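**Student:** Spelled out from the first residue to the last, the chains are:
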Amino acid sequence: MPHPYIPNSVAEIKEKMMEEMGIKSIDDLYADIPAEVRFERELNVPGPYPEQEVRRRVEALLGRNQRFRCPPFLGGGVWPHYVPAVVDEIVSRAEFLTSYTPYQPEITQGMLQTLFEYQSLICELTGMEVANSSMYDWATALGEAARMAGRLTRRDAILVPYLMSPNRLAVLRAYTEPVGMRVIQVDYDEATGLIDLEDLKEKTNSETAAVYIENPSYLGFVEEEVEAIAEVAHDAGSLFIVGVDPISLGLLRPPGDYGADIVIGEGQPLGNHMNYGGPLLGIFACRGEPKMIRQMPGRIIGMTTTVDGSKRGFVMTLQTREQHIRRERATSNICTNQALCAVAAAVYLSLLGPNGLRELAELITSRAHYAMRRIGELPGVRAPIFSSYHFKEFTVSFEDRTVGEVHRELLSRGIHGGKSLVEEFPELGETALYCVTELHTKEDIDLLVSALEEVLG
Amino acid sequence: MRRFRQADWDEPLIFELSRPGRVGFTPPKAEPEVSDAAGDIEELVPQNMLRREPPKLPEVSEIMVLRHYIHLSQMNYGVNSGRFYPLGSCTMKYNPVINEVLASNPGLTELHPEQDESTVQGVLEMMYWLKRWLLEITGMDDGTLQPAAGAHGEFLGCLLIRAYHEDRGEIDERREIIVPDSAHGTNPASAMMAGFKVVEIPSREDGCVDLEALRSVVGEHTAGMMLTNPNTLGIFESDIVEIAEIVHEAGGLMYYDGANLNAILGRCRPGDMGFDIVHLNLHKTFSTPHGGGGPGSGPILVKEFLSDFLPVPTVERGEEGYYLSYDRPKTIGKIHGYYGNINPMLKAYAYILSMGPEGLREAAEVSVLNANYIARKLMKVRGITLPRAPERPRKHEAVLSASEMERETGVRTLNIAKALLDRGLHAPTIYFPLIVPEALMIEPTESEPLEALDAFIEAVREISEIAYSKPEEVLSAPRNTSVTRLDEAKAAHPKTLCLSWRMYKERLRGG
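Residue numbers (my numbering), protein chains in the order written: chain B, 1 to 457; chain P, 1 to 511.
Don't take every hint at face value.
Straight-line C-alpha distance at most 27 angstroms; calculated DSSO-like pairs for lysine-lysine [what the hints assert, rightly or not]:
no., chain 1, residue 1, chain 2, residue 2
1, P, K131, P, K380
2, B, K311, P, K303
3, P, K29, B, K442
4, P, K380, B, K14
5, P, K303, P, K131
6, P, K495, B, K291
7, B, K291, P, K380
8, P, K505, P, K495
Hint data in this document are derived by calculation from the structure and do not stem from the laboratory. Only a predicted model underlies this, so the values are computations on that prediction, with no experimental measurement involved.
Just need the whole structure built from these sequences, with the hints factored in.
**Tutor:** This is the structure in structure tokens:
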């Protein structure tokens with residue numbers, strides 16, 4: 001039976017081709033596979049099904065995922081945000097969607113220019129000079145940033161906040177420990193959650209390759225003593241790496257403004273759906289000194305002209321850093337990245353512009369503060385633990401109920417509450433991490449609050 | 001020859017379209033009670049953390065943004081929108097439209113990775129079965145879908161090799177990963193990322209592993225070997241069982257780079273050849289689109305004895321349904337913030353349903369038929385040869401050489417590539433693998449009709465004729481693409497390096 005995806009699966013066509021090639025059977029082309037490794041039975045996989053049946057099955061499968069009465073109050077590294085229709089329209093264009101890496105620049109100027117614009121937009125947002133065209137996600141961008149700091153300083157220690165994302169910490173360890181780097185955690189101030197500057201100073205020394213902070217932090221509060229942290233790092237000859245939620249930069253100071261040498265982050269909020277945690281978009285930007293640029297991982301798009309000088313154009317550049325040229329001496333092994341997510345981010349930032357991004361960030365933080373206040377007013381609840389300013393995520397602690405109980409009761413009311421922190425940070429007690437964005441209307445927040453009221457009775 | 005002219009909108013940068021005050025998207029307004037609760041935002045945010053100067057993003061209306069990026073998309077070339085995309089080693093097969101429709105279902109796109117397992121049974125079921133099917137297709141025992149790309153999978157594979165030797169107390173001795181000189185650049189780079197030393201071995205005349213060279217480098221320092229099969233020349237390593245034995249006897253592990261799996265689907269399996277670790281590229285073999293460079297997905301599959309080292313979590317099936325298991329005491333940890341690139345996984349899942357066992361096998365066989373058809377016809381074109389064991393059948397791809405043409409006319413592989421673009425055909429992978437001079441690595445895939453294969457062959461023949469009569473015409477290609485030949489040296493030169501709008505403006509300011 002000819003298959004719709006395989007034009008030459010018609011018997012007569014195959015026979016005609018084989019006749020021209022002077023072979024009798026397809027088996028002739030596989031004759032060099034030794035008998036002992038030939039696979040003689042049929043693969044035990046389902047199908048083939050016609051499109052209509054595939055659709056029915058997959059839609060039924062996805063129907064087994066539960067919908068809620070309002071978006072989940074979950075954040076922590078992936079966040080529910082609105083994706084403008086224009087973004088989805090652009091990233092579903094076959095010319096972008098179904099193209100490979102732009103190895104032939106003359107016929108792929110569209111992707112190259114778009115990625116150049118993405119890099120440029122990220123630079124404006126973060127206050128840095130150079131950005132690459134994407135990493136897999138925030139966590140792997142952190143791993144690569146630490147490795148880059150190690151190469152630049154020839155040192156092996158990375159200082160990180162104790163209250164950082166455990167997922168990102170796990171990935172950081174996987175990226176650094178095989179080459180003998182060490183990850184050292186820095187204490188926090190119990191009242192504010194901010195980095196304990198004294199502890200940071202104590203732990204920073206001539207072995208420190210970099211000091212890393214997350215801003216806003218994993219638990220949602222904003223690190224304020226950024227200049228002091230940068231100074232500690234730079235005085236010791238270490239690099240300062242800052243991880244960001246890019247949406248917050250509509251309202252918050254860009255890390256380039258307070259001494260960051262490398263800025264990383266999660267670009268998913270910039271026009272990318274959550275997709276159960278992937279694909280994501282690893283942001284990676286750094287200062288513009290040549291020695292830093294030479295150590296950057298990942299693909300970088302540069303502006304140039306045609307050979308005759310008549311027109312502007314774009315190409316992948318500085319490829320001598322990369323694996324296909326430098327092999328084991330490359331700055332990273334990354335090849336396939338998250339280009340289409342970067343396209344989404346470019347379209348998203350172009351749509352919002354400086355004013356839209358500011359308005360959005362203000363809306364998000366207003367809604368979060370409304371939710372924080374309403375939840376914090378409930379009996380037996382503390383929200384948040386820390387006194388610092390929180391952007392869109394905040395901790396909610398229960399005095400008399402467990403996080404698990406509250407979660408299950410909310411779920412039975414069609415609401416998905418925050419993420420439990422009980423296993424990640426047991427010292428914080430029965431605490432969950434809640435996230436509120438522009439997708440959570442006042443009505444949604446009120447629904448959550450009244451459900452919590454019932455549950456806590 | 002059918003004509004071709006790519007769009008050229010002479011499109012400005014999005015920043016150059018900006019005019020103060022324009023907006024492309026308006027967020028909702030805060031409800032009055034919400035605004036009241038938050039109070040004055042400028043008071044709320046710590047003063048030293050407030051952004052005083054807005055980011056210099058462009059200010060553009062919605063229709064302008066839309067047109068800008070549609071114009072740019074029209075200055076790009078995709079497998080579903082183009083004419084022929086024989087990019088070797090990249091398996092540019094058709095990306096089925098139904099898979100895009102299914103993967104844009106809000107039942108997938110709006111799921112948060114920290115949701116309660118009971119609320120994501122559909123996606124967990126998909127991940128569970130996709131892995132099971134991939135294990136069956138490759139002949140392996142266990143695995144993870146966490147890596148976001150092939151190279152990411154390679155890195156994880158090398159971490160698993162590390163963890164295995166560490167567990168046996170031998171990691172201090174076993175520092176070396178062996179790769180053939182024909183390997184993808186990611187192989188040595190991934191080994192380096194995982195802290196290994198790379199030992200390169202030369203290939204035989206037919207491009208296959210030289211067993212003597214292999215025997216001379218294996219030993220107590222060997223951690224493992226990375227190999228693709230069929231190799232980058234498109235030739236099947238017939239000695240694979242012996243290769244695996246040599247490496248295993250020395251105490252090393254065998255790593256399979258799945259870039260070339262498409263050729264052998266349903267005909268043989270890496271697990272049966274002696275490989276211990278396999279990575280796949282769902283964006284190659286399993287039809288998920290490559291998005292102009294990503295996202296991909298690079299699952300890692302292993303033999304039972306490596307199962308304990310896999311990253312967490314993995315999707316398992318219990319009495320109450322599917323769940324995420326963190327129960328791997330010897331795990332290497334995590335290499336992705338969450339569970340990998342889920343959206344491509346769903347497309348690969350749908351693809352397998354569409355193909356079934358016979359469809360997968362048919363895809364392999366027709367991809368091999370198409371590649372050999374092209375190779376045999378092209379080797380008859382003047383100036384083109386099929387070096388390295390021309391008598392042996394190729395698999396999914398063939399590497400031809402234009403060095404004869406280069407010698408006789410001055411027209412190089414690069415020029416042929418650009419002349420192909422002028423005919424609306426994407427160029428093959430060029431100058432790879434490094435062991436073939438003036439290489440043209442051609443992988444037509446099973447998606448191309450005979451008519452497209454013939455048109456490509458005809459185009460190369462025509463380019464050859466012109467090369468031998470009016471070479472300057474080929475040398476000046478391309479002319480029908482959005483731009484003519486670009487100056488790559490200028491792009492990389494420190495004096496003219498320009499990587500962002502910010503750098504561009506500084507350059508203009510500095511003159």
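**Student:** Please work out if K380(P) and K14(B) have their alpha carbons no farther apart than 27 angstroms.
**Tutor:** 21 angstroms, holds
**Student:** Hey, K131(P) versus K380(P), does the alpha-carbon distance stay inside 27 angstroms?
**Tutor:** 43 angstroms, violated
**Student:** Going straight from one Cα to the other, do K291(B) and K380(P) come out at no more than 27 angstroms?
**Tutor:** Violated - the C-alpha atoms of K380(P) and K291(B) are around 49 angstroms apart, more than 27 angstroms.
**Student:** Does K505(P) pair with K495(P) here, judged by a C-alpha cut-off of 27 angstroms?
**Tutor:** 14 angstroms, holds
**Student:** Regarding the pair K495(P) and K291(B), is the alpha-carbon distance no greater than 27 angstroms?
**Tutor:** Distance ~15 angstroms between K495(P) and K291(B) Cα, so the pair holds.
**Student:** Quick one, are K311(B) and K303(P) close enough, alpha carbons at most 27 angstroms?
**Tutor:** It is violated: about 54 angstroms lies between the C-alpha atoms, which goes past 27 angstroms.
**Student:** Is K29(P) within 27 angstroms of K442(B), Cα to Cα?
**Tutor:** Given pair K29(P), K442(B) holds - Cα atoms ~11 angstroms apart, limit 27 angstroms.
**Student:** Is the straight-line distance between the alpha-carbon of K303(P) and that of K131(P) 27 angstroms or less?
**Tutor:** Holds. K303(P) to K131(P) sits at ~14 angstroms (cutoff 27 angstroms).
Checked against the numbered hints listed earlier, the structure breaks hints 1, 2 and 7; every other hint is satisfied.
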